[in-house]
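Please build the complete structure, drawing on both the sequences and the hints.
Chain order of the listed sequences is A and B.
As numbered in our numbering, residues 29 to 130 make up the first sequence, in order.
As numbered in our numbering, residues 431 to 571 make up the second sequence, in order.
Treat the hints loosely; a few may be bogus.
Heads up, simulated EDC-like pairs for lysine to aspartate or glutamate below, C-alpha to C-alpha not over 16 Å straight-line [stated by the list, open to error]:
1) 30(A) / 437(B)
2) 499(B) / 569(B)
3) 30(A) / 487(B)
4) 498(B) / 470(B)
5) 460(B) / 71(A)
6) 490(B) / 470(B)
7) 498(B) / 484(B)
8) 498(B) / 434(B)
9) 499(B) / 540(B)
10) 460(B) / 470(B)
11) 498(B) / 487(B)
12) 460(B) / 75(A)
Keep in mind that the hints were calculated from the coordinates and are not lab data.
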Amino acid sequence: MKTLIAISIITLVAVALVSQLHFAHAQLAQQTSAKQYINLRAEVWNEFFRMTTAAFTVGAIVSGTMIWLVWRFRESNPKNKSPTKWEHLEDPTSGSYEEEGH
Amino acid sequence: MGHDTAEWVFVAIVIAVLIYVGVDSWIVQKAVEDVPADAEVIKVTGQQWFWSFEHADGTKEISTLHVKKGHAYVFEIYSRDVMHSFNIPDWVVFEDAVPGHTNHAWFAPDTAGTYPIQCREYCGLLHYNMRGSLVVEDDKS
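Put into structure tokens, the structure is as follows:
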């Protein structure tokens, strides 16, 4: 789990940094000549692809978490043979498991 | 790792992505809306059902707009009657023409050629035919 989270964070940072580096590089190149203008079409499409990447990243994290939840807490999982600490409570919505001494 | 930690990491990742989306969009929007200082002003007037243009030197054109490659232009877009929308799809110019209000859009063509101009706001019977042409010419000066 820790490895998965670490890989996710590193990937996110890389995705964010790479696009920003490209943008900074393009802006630096623009300053070399007063007659160079940004390409609106390219900027808009690049932004679209970066936002798509962000949207798919969020989608992957959310759907991945849900898939893991379903897989981990399925009835047939050997880890679920004994009740979880929460299931020891008579009413899981009241109080916390620490107070119950589990 | 406890459940609380995992949940906070999850929340932090989502917040980080949202911050990235906001900051990146803001930077790009600023860059795209920033009109170059040397941009030449072209007044664009929409009326049922054609476009007319006036260059900075007073030259007027109807339906066909001539510009030079490698120069920046800023459009001052206005309407004489109803709402129109000035659109040059090939150059990502898309701005409403509103009576009593001037909108701005800029572009800097880097490829010579002829490109369509069209109205993108339903403005009456002949809206479909409210078209024009943008002619980008090589700068020989």
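*Numbers of unmet hints, in rising order*: When the structure is compared with the hints, numbers 3, 8 and 10 turn out to be violated.
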